[in-house]
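Each chain, letter by letter, is given below.
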Amino acid sequence: MTGPDDDAPMGTDTRDRLRRRADRRLRSRQLVAAGAAHGPAARRAVEPAPLVIGAATWEIVERGLLQRHRLLEALIDDLYGPDPRLIGRVVPAEVVHANPAFVPAAAGWTPAGSGRLSLTGFDLSGIDGGRPVVRAVRVADPGPLGRLLETRTITAELLGDRLAETGVRPLTPFLVGLRRRLGTIATAERSPRVIVLSPGADHPAHADLGELARILGYTLAEAADVTVRRGAVHLRSVTGLEPVHVVLRGIGDEAIDALEVSPAVAGGVPGLLAAARARTVTVADAIGTGWLHSPILDVVLPAVARHLDADELHLPGPRRLWCGDDDGQRETLARLGEFVLEPLDPTAPTVDTRLVGRAELDGLRAEIERRPWWWTAREPDDEPTLRTYVTVDSEGGDAIVLPGGHATLSADESVAVDVWVGGGGSTSPAPTLRPAGLGQVDLAASLPSQAGEALLWFGRYLERSEHLLRRARAVIDLAATSTEPLERPWLPALLPGPAVTLLVDPERVDGLRPLLDALVSSASSVRGLLPTDLWSDLDRIDTDTAELADPHDVAAARALADRLLAALAGIAGTIAESMVRDPGWYLLDIGRRLERALGTVRMLEATLAVTTDRPDDDLLEMLLTVVVSLNAYRRRYRSDLEADATLGILLVDATNPRSVRAAAQAVVDDLGRLPNPSVSAARTNLTAVARRIVGTLDRVDVPALVAGDDTGAARRADVLAQLRDDLHLLGSSTSDTFFRHTIAEALPSGTVRRRARQRDA
Amino acid sequence: MTRYRVSHETRYHYEGEVALGYNRAVLRPRTTTGQRVLAHDLRIDPTPAFRNEHLDLFGNTVTVFSVETPHRTLVVHAVSEVDVRPEDAQLDLAGLARWEDAVTAARQLGDVGRAFSLDSPLVGTDEAFAAYAAPSFPAGRPLYDAVADLTRRIFEDFTYLPGSTTLSTPPLEVLHSRTGVCQDFAHVEIACLRSLGLAARYTSGYLETSPPVAAPRLVGADASHAWCSVLLPDRTWIDLDPTNGLIEPVTHVTVGWGRDYADVAPLSGVIFAAGVASELVVSVDVQQVDPPGAAVISPGT
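Here the protein sequences come in this chain order: R and L. For the first sequence, our numbering gives the first residue as 1, with consecutive numbering after it. For the second sequence, our numbering gives the first residue as 1, with consecutive numbering after it.
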């Protein structure tokens with residue numbers, strides 16, 4: 001295997017150059033917010049030099065994994081099946097029935113689809129030395145496959161022609177097999193709908209699952225998007241409920257279904273197990289397979305191999321002792337300070353006995369003697385691992401091992417390295433997938449509610465950021481023209497603080513930074529739905545503001561505002577020119593228009609409220625500048641700035657795309673183009689609110705609003721307040737109509753108990 | 001033989017509208033050697049959009065249902081008619097064996113039965129339980145005497161105090177506070193038995209309150225009840241009711257059993273609502289009814 005520490009065939013300079021390019025590609029492909037939602041650990045890098053494994057070594061791995069996969073399927077099928085034969089004979093009953101990783105509700109029946117395992121992850125170490133060891137099995141964890149595919153695509157793009165010389169085994173057959181399996185494990189459905197179930201947009205795996213969903217052509221959904229109705233699984237889309245037949249899940253047993261599997265954990269999909277039991281849905285991997293994460297597997301699987309195959313495991317696991325067995329307990333106690341203790345429950349804390357004091361060791365010893373069956377022990381080992389997968393080609397077909405895999409080089413797993421298997425003869429290791437041979441279904445109108453909401457908010461943050469930038473820039477410019485410190489009565493109403501501070505101080509809660517973080521974060525949760533071009537602009541925004549300027553450096557802040565506004569204009573252009581007009585686009589647009597109208601109305605309301613008589617020229621110019629309408633004004637009117645003409649352009653001018661009237665009309669049009677939500681009454685109401693805003697603007701007598709007396713001020717205040725209220729209502733009604741949220745709660749359980757004393761007891 | 005009619009009604013009142021509710025009910029009495037189920041009916045209002053029955057790993061009948069129309073009240077009403085024949089469940093000689101023999105039998109239980117002598121989600125073993133149980137279990141004592149003594153001690157040492165515990169109060173805390181309700185006492189006794197290596201299971205059901213002569217019977221005066229069972233060396237089980245200090249109670253109606261309360265909670269579930277407060281009212285009524293042809297059976301048998 002050639003690795004990053006082996007300088008041939010790639011020199012250090014070359015590698016550094018490639019590493020920088022990889023970094024750029026990665027960042028332009030997927031931007032991960034540095035903001036509060038994700039934290040610095042979410043930053044990622046790709047090591048451009050792949051690890052290459054020789055065909056001969058891989059053959060050993062492949063053979064061993066196929067055997068293990070077959071045994072795992074047989075084992076898990078037996079444990080959960082209607083008539084377990086291995087428990088109490090080959091598998092001690094304790095490690096199943098006293099193990100919280102075993103899901104009793106999943107036992108005794110057989111789910112749809114042949115086999116409970118669809119995409120089994122294996123973590124391997126020791127491939128370097130040619131002595132592979134299987135460290136762990138991972139089910140219901142397709143995230144790393146998404147990351148692997150992304151890493152592979154980047155590495156392949158970078159190394160292009162070098163591949164021709166190497167010859168790499170391609171990933172495509174594996175992906176085709178996986179997709180065929182997911183397409184055939186549904187019951188009684190010729191064209192099944194498959195979703196990838198994510199633990200949520202704020203979860204580190206969300207982006208990886210999105211990448212996988214995109215490549216496989218499935219919908220990415222969060223648990224809140226999925227609901228069980230009449231015993232069948234449905235996707236909550238912005239237009240209603242859509243049936244789902246197969247769930248490729250990225251949520252483990254510990255949080256999958258609060259009704260029957262994980263009552264302590266809110267979230268997941270309540271009723272999912274009941275639907276699987278009713279065979280209306282196939283969950284991949286089946287609920288309960290998380291038992292395979294238990295460390296006891298290292299003890300059990302060799303016994304299963306001997307029992308079922310009369311053979312040893314081709315690939316060893318780590319040496320593990322089980323204290324429920326006399327010999328295991330004896331050795332564990334004798335060498336207690338040398339082992340890592342791991343309980344049966346894979347989610348329970350482990351103990352590195354090398355790090356604990358003498359008194360604690362004595363406590364552990366007593367604990368092991370009291371509950372020996374609970375504890376396993378293994379030698380410490382921190383070797384880096386490689387993640388690869390096994391799937392089964394269609395229902396009942398052959399198992400396929402993914403050639404190569406994904407490894408991480410750093411402790412925080414932020415640096416990914418692609419692992420290739422040589423000798424494949426392929427010059428294009430990047431995965432390409434043609435549509436599977438399934439009935440074509442038009443999913444253009446399908447958009448999970450959570451994704452729809454993220455798009456709407458992406459639009460709102462886009463406009464909100466732009467509005468703040470324009471206000472701050474205009475104030476900086478106005479200040480530059482005056483020699484003494486700038487003072488205007490309306491200034492505090494226009495900006496809540498010093499313009500430069502709002503732009504550069506990351507701690508200002510009303511500043512730019514939280515808006516941009518929210519912008520990037522909402523975009524990240526719907527990466528797969530946004531054009532890739534958009535990411536370079538978002539990345540510029542993220543990079544620019546990451547190196548924030550000195551709060552006293554006005555010129556730098558001014559330049560930053562320019563750059564950011566250019567980037568936001570780039571994003572607006574991409575949205576206008578490169579996005580398909582699907583429900584997601586309309587929701588994004590509604591978000592932008594709504595926020596634009598609100599920004600203008602709020603600004604007018606605040607600044608005009610402190611101006612009892614006629615607004616001064618500086619204010620009028622300021623308002624026109626912020627709403628990007630100064631040129632429009634100058635072209636239209638030869639006069640100096642007049643208050644009524646200014647308000648006309650900003651509020652009611654239907655030809656000015658920046659006016660409130662134009663924004664409200666755009667919302668009416670967008671609503672008309674969105675497909676019917678299932679609750680159409682709600683939408684009628686929504687459109688009525690948007691129309692009312694347009695009507696208010698059409699009827700408004702603009703000159704009367706600026707009459708230089710108290711009545712003018714009162715009329716202005718009335719009209720602007722009504723517009724603001726209606727816009728707020730429009731925002732909340734849009735959310736209610738398209739992304740209705742309800743919170744799952746555990747039903748207070750239990751019964752009223754009274755002691756019934758037996759009289760004669 | 002005694003015939004009982006059991007009515008067990010659970011009412012949830014929500015302050016606001018609940019859009020969607022999923023429930024799991026374990027309310028159908030099971031047929032055992034000492035009990036025969038003649039009739040059972042589970043009425044749910046509003047009518048569930050989905051309803052499915054299955055047997056769980058322990059052989060209990062579990063009903064899973066979902067109510068998908070907006071509602072403010074959910075009523076789950078189970079009505080059962082059950083014949084209880086204590087004479088069929090009489091103590092055999094196994095109870096006279098040394099209690100240590102039952103520990104050996106517990107270890108030999110394969111499959112899911114093994115779980116009954118180990119830790120379960122709500123009941124963890126602990127030395128404190130073993131220490132509390134120790135005076136009842138001197139070496140070589142007949143199992144029957146030992147468990148009768150332990151059951152009597154829990155009955156005497158612990159104070160029945162509704163509201164002193166919640167469903168999430170660990171049995172170890174109950175052992176220290178010495179207060180709780182029937183479910184807590186069952187969990188404590190199970191923890192004691194398991195800490196000694198015996199197999200013990202949690203049983204949910206009902207008991208009949210004998211009304212004073214000529215007093216009107218109060219509907220709802222009774223409640224759903226819980227007790228436990230211990231494994232004998234011959235792999236049969238006997239019931240122990242620490243709440244009432246009874247061993248082998250004869251008037252108990254068994255609904256189901258499992259490792260602890262969580263396996264056989266009468267009703268549990270998840271609701272989707274925007275932060276709705278709820279109120280729960282449970283009423284249970286267990287009445288003796290005359291079996292058909294009761295007149296020809298002479299009293300006193």
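The hints are simulated quantities; they were obtained by calculation from the structure and are not laboratory data. No experiment lies behind these values; they were computed from the predicted model shown. A couple of the hints might just be wrong.
Which stretches of chain L does chain R cover? Using the computed rule of at least three CB atoms under 8 Å from a CB of chain R, they are [stated by the list, open to error]:
#: 1; region: 51-57
#: 2; region: 119-128
#: 3; region: 132-143
#: 4; region: 227-239
Note that beta-carbon positions come from the ideal geometry of N, C-alpha and C, so glycine has one too.
Quick rundown of the hints versus the structure:
{"no.": "1", "hint": "51-57", "in the structure": "holds (count 5)"}
{"no.": "2", "hint": "119-128", "in the structure": "holds (count 5)"}
{"no.": "3", "hint": "132-143", "in the structure": "violated (count 0)"}
{"no.": "4", "hint": "227-239", "in the structure": "violated (count 0)"}
Hint violations for this structure: numbers 3 and 4, all remaining hints satisfied.
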